[in-house]
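Given next are the chains, with one letter for each unit.
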Amino acid sequence: MRFTLNGRAVSFDGSGARRLLDVLREELGATGTKEGCGEGECGACSVLIDGEVVDSCLVAVGQVEGREVTTVEGLADGGRLTTLQRAFIEHGAAQCGICTPGMLLAAHVLLQQSKRLTAEDVREGLAGNLCRCTGYTKIIDAVLSCTQ
Amino acid sequence: MRPTLLTAVGRSVPRREGVDKVTGRARYTDDIPAPGAWYGKTIRSTVPRGRIRSITLDPAFDWQRVIIVTADDIPGDNVVHLIRDDQPVLVPKGGEIRHKEEPILLLAAADRSTLEEAARHIRIEYDPAEPVYELEQATEVFSTVDIVKGEVLEDVKHLKDVEVVERRFKVGLQEQLYIEPQGAIAFPEANGSIKIIGSLQCPYYVHRALKRALKLTDQQAVVIQAETGGGFGGKEEYPSIVAVHAALLARKAGRPVRLIYDRHEDLAATTKRHPGVIKHRTAVKKDGTLLSQDIEIVLDGGAYCTLTPVVLSRAAIHAAGAYSCPNVRIRARAVATNTPPNGAFRGFGAPQSLFAAELMVEHVAERLGMSSVDLRRKWMLRLGDTTATGQVLTESVGSELVLDAALKAAGTVRPSDRQTVRRGRGLSLVFHGSGFTGSGEKKLQGTIALEALADGTFRILTASTEIGQGTKTIFCQLAADALGVGMDKVVLAPQDTSLVPDSGPTVASRTAMIVGRLVQEAASEIEHRLKQEKPPLRVEKSYIQPDSIHWDETTYRGDAYPVYAWACTIADVDVDMTTGEVRVTDLVTAVDCGKALHPVMAEGQIEGGSLQAVGWATIEEIKMKDGGYQNDRLATYLIPTALDAPRIRTILVENPYSRGPFGAKGIGELPMDGPAPAIIAAIHNATGVWLDEIPATPEKVLAACASR
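Sequences listed follow chains A and B, in order. Sequence positions in the first sequence follow our numbering and run 1 to 148. Sequence positions in the second sequence follow our numbering and run 1 to 708.
Hint data in this document are derived by calculation from the structure and do not stem from the laboratory. Incorrect hints may have been included.
Calculated cross-link-like contacts (lysine to any residue; reagent style SDA-like; alpha-carbon spacing at most 20 Å) [as the list claims (entries may be wrong)]:
(1) B:Lys472 with B:Asp20
(2) B:Lys279 with B:Tyr204
(3) B:Lys531 with B:Gly486
(4) B:Lys443 with B:Arg659
(5) B:Lys472 with A:Ile89
(6) B:Lys472 with A:Arg86
(7) B:Lys279 with B:Glu151
(8) B:Lys472 with A:Asn6
(9) B:Lys442 with B:Tyr204
Here are the computed distance ranges between Cβ atoms for each label pair [to be verified]:
(10) A:Gln63 with B:Thr7: 49 to 59 Å
(11) B:Ser439 with A:Gly51: 56 to 66 Å
(12) B:Leu537 with A:Gly51: 46 to 56 Å
(13) A:Gln63 with B:Lys623: 28 to 38 Å
(14) A:Gly51 with B:Ser658: 48 to 58 Å
(15) B:His264 with A:Glu65: 27 to 37 Å
(16) B:Thr394 with A:Glu26: 56 to 66 Å
(17) A:Gln63 with B:Leu643: 26 to 36 Å
(18) A:Gln63 with B:Ser439: 53 to 63 Å
(19) A:Gly51 with B:His528: 55 to 65 Å
(20) A:Glu26 with B:Ser658: 47 to 57 Å
(21) B:Thr420 with A:Gln63: 40 to 50 Å
(22) B:His121 with A:Gln63: 41 to 51 Å
(23) B:Thr457 with A:Gln63: 43 to 53 Å
Keep in mind the model is a prediction, meaning the values are calculated, not measured. Where is the CB? At the ideal position from N, CA and C, for every residue including glycine.
All chains, please: the whole structure from these sequences, using the hints.
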């Protein structure tokens with residue numbers, strides 16, 4: 001089957017029933033996507049499918065045939081960090097970093113939907129991504145710093 | 001040391017590994033390729049207590065497809081090396097099962113489905129025995145601690161103008177819930193060595209465990225920390241088990257083995273925060289003068305000792321709270337039950353005992369009709385005061401500073417605009433000893449090295465790990481300023497036991513303060529020597545206990561910690577009177593950290609710790625069933641999300657400590673101490689009911705309100 005991963009056409013010959021998470025990590029070398037719980041509770045494995053945030057541990061790779069998948073590796077443009085990535089570093093939004101890839105993708109979508117976000121909007125938008133290090137305050141500050 | 005111009009310390013420079021973490025390039029254990037590796041799995045007990053009668057491998061399965069490791073395959077001692085030699089690496093046939101989820105067999109296979117299939121073809125039969133769950137019924141005691149200061153009279157009630165307040169508190173289990181589960185990859189090397197790459201806090205703990213169980217020399221055991229997705233104590237001692245298991249499989253398979261836990265296994269089998277019961281009896285004069293504190297602590301250690309005696313020690317030393325009392329008696333014990341072992345978790349016993357101590361201030365204040373803030377001002381430890389262990393506080397006592405700072409920042413409470421919701425505010429004042437307890441640092445003699453290289457750069461060598469708290473960054477800041485060079489000239493060697501000396505475990509709020517100070521001292525010495533000598537140079541520094549620190553382990557008298565960090569937390573809560581739901585709406589915390597080496601990271605650590613404490617106080621509950629955890633999935637064990645979390649406002653108070661690096665004190669654990677009692681006080685302020693037990697679940701809140 002074929003799909004687009006971070007703007008690049010990729011193909012995978014194995015079973016379509018395999019979890020997208022495993023195919024990304026084990027077949028396509030995209031280990032930036034993490035497994036935290038394997039049952040759609042923590043959001044560490046968040047990826048974008050056609051621009052929407054999805055837990056890749058709950059998606060069979062067959063479901064992304066012909067679609068566009070974006071992982072954390074696809075955020076920076078040719079090594080140039082996005083404003084959001086820079087904000088995460090500057091505000092201390094990444095501590096241990098294991099939730100960061102999923103958190104960045106969820107925040108990226110939020111910022112694409114609207115540039116006028118309140119702290120409540122950000123909390124709601126990131127509620128599916130668990131972080132145990134930061135208490136979320138610095139993550140919310142980082143996302144808000146990217147709004148107009 | 002002479003004053004240094006600070007260009008890095010005190011500035012929130014970019015995190016060293018920040019770019020790797022925001023681009024997905026950071027390599028955590030399971031991200032590391034291991035060509036030809038097999039997958040490992042642990043087969044665990046399904047009963048809480050008994051003996052293994054038989055282990056049967058179903059002949060219908062082709063066992064050539066897997067590697068099986070039993071206790072018979074352990075070349076060294078069948079012991080998880082830590083404090084006491086009670087915990088086996090694998091329970092042997094005929095051996096005693098002491099808790100559910102105890103490791104019995106290990107399997108490895110080329111793919112996961114073979115592994116699962118093999119596991120289904122193993123049958124283990126037990127001769128069950130009667131398990132012990134209740135603290136009152138537990139007969140095996142892991143350790144006791146007795147602290148006596150002055151004299152606590154048994155009967156003070158007859159004394160004139162004396163009030164005696166008694167109360168019993170209960171605290172529950174808590175899971176560390178690092179988002180990256182436990183995991184290790186073991187690589188057997190041609191020369192008989194085993195290399196471990198794992199998610200861990202303490203490379204040398206794992207190193208010692210490997211040597212012991214696999215009969216390896218210092219050189220044959222190599223432990224490398226991968227990028228680690230959170231620890232909070234959960235990756236202090238448990239990774240020794242994961243690593244030894246992976247190593248046994250790899251040794252037998254003759255190929256690398258990846259042993260990565262899934263969340264369910266991690267929740268079901270790994271260590272938790274010790275639950276316990278704490279009783280207080282406090283005598284005061286009617287004017288609020290504190291006469292005596294009589295405190296009894298019982299902690300549940302679970303089935304094996306792990307670090308329980310050290311947890312109990314910290315619990316006992318902090319049990320009287322941040323207050324000065326002439327007469328104190330603390331009797332603490334930790335007992336064994338047939339539940340999975342409890343272990344290290346941020347705060348290490350202190351959150352449990354401080355929870356009770358802080359609520360006692362509230363209860364006494366209520367009895368006396370005084371403001372609890374005024375009572376704290378009257379009681380609080382100040383410069384020159386003496387703690388329960390007889391330690392005279394000679395410097396950097398921030399009690400009043402943090403209380404004033406938090407009160408100033410908190411402002412006034414606005415009532416809720418929702419009809420069914422009542423809003424309340426609570427406050428707590430806590431202290432937390434930085435570094436190992438008593439003679440711990442002296443015994444350990446943590447060692448670091450610093451090298452001046454020929455190319456003009458400098459390399460720091462320590463075993464202290466980055467687990468999100470900022471070790472990699474602050475060590476470079478400290479070295480750069482002490483050397484008088486830019487941070488770009490300083491690199492940190494990887495946490496690899498074949499390269500770096502043992503600077504001790506990354507625990508006990510000791511990394512910045514104790515190890516960081518060694519980095520600073522080594523850098524100062526190199527800077528000095530470079531005036532006469534040419535690189536390459538190497539300086540090693542080991543911890544030397546200052547002559548002024550005295551500790552008697554047998555009597556528990558003396559300087560329990562080199563210094564204390566202080567915090568005042570003010571929590572606002574909304575209590576929904578129809579559902580019993582408690583929501584923390586605002587949290588202000590003022591922390592005396594000595595010196596903020598990196599303000600953004602210091603705040604981040606305080607905020608994360610505070611939210612972990614909010615979770616412990618409100619929603620994180622583990623329900624037990626037949627000696628196991630009933631809610632051992634992330635769908636049922638809930639931690640705060642961004643929606644549940646209050647905005648946390650941190651105020652850093654800098655009150656330098658003369659022996660800390662540039663004045664810094666350890667603050668890693670402190671934020672876990674204050675929020676829980678502040679939240680319970682806030683619930684009382686909102687509803688008029690006192691809870692003596694956490695978490696304050698809706699059921700408990702409704703029951704307390706109903707029985708009023």
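The hints, checked one at a time:
1. B:Lys472 with B:Asp20: Holds: Lys472 of chain B and Asp20 of chain B sit about 13 Å apart, inside 20 Å.
2. B:Lys279 with B:Tyr204: Status violated; Cα separation ~37 Å.
3. B:Lys531 with B:Gly486: 18 Å, holds
4. B:Lys443 with B:Arg659: 18 Å, holds
5. B:Lys472 with A:Ile89: 14 Å, holds
6. B:Lys472 with A:Arg86: Measuring from Cα to Cα gives roughly 19 Å; hence the hint holds.
7. B:Lys279 with B:Glu151: Given that 20 Å is the threshold and the Cα spacing comes to 18 Å, the pair holds.
8. B:Lys472 with A:Asn6: Measuring from Cα to Cα gives roughly 31 Å; hence the hint is violated.
9. B:Lys442 with B:Tyr204: OK: Lys442 of chain B and Tyr204 of chain B at ~17 Å, within 20 Å.
10. A:Gln63 with B:Thr7: 49 to 59 Å: Distance hint for Gln63 of chain A, Thr7 of chain B holds at roughly 53 Å.
11. B:Ser439 with A:Gly51: 56 to 66 Å: 59 Å, holds
12. B:Leu537 with A:Gly51: 46 to 56 Å: 55 Å, holds
13. A:Gln63 with B:Lys623: 28 to 38 Å: Between Gln63 of chain A and Lys623 of chain B, where Cβ atoms are some 35 Å apart, the hint holds.
14. A:Gly51 with B:Ser658: 48 to 58 Å: With Cβ atoms ~56 Å apart, the hint holds.
15. B:His264 with A:Glu65: 27 to 37 Å: 30 Å, holds
16. B:Thr394 with A:Glu26: 56 to 66 Å: 57 Å, holds
17. A:Gln63 with B:Leu643: 26 to 36 Å: 28 Å, holds
18. A:Gln63 with B:Ser439: 53 to 63 Å: At roughly 60 Å between Cβ atoms, Ser439 of chain B and Gln63 of chain A fall inside 53 to 63 Å, so the hint holds.
19. A:Gly51 with B:His528: 55 to 65 Å: 58 Å, holds
20. A:Glu26 with B:Ser658: 47 to 57 Å: 53 Å, holds
21. B:Thr420 with A:Gln63: 40 to 50 Å: Once the Cβ atoms are compared, 43 Å apart, the range 40 to 50 Å for Gln63 of chain A and Thr420 of chain B holds.
22. B:His121 with A:Gln63: 41 to 51 Å: Because 32 Å falls outside the window, the suggested range is violated.
23. B:Thr457 with A:Gln63: 43 to 53 Å: 49 Å, holds
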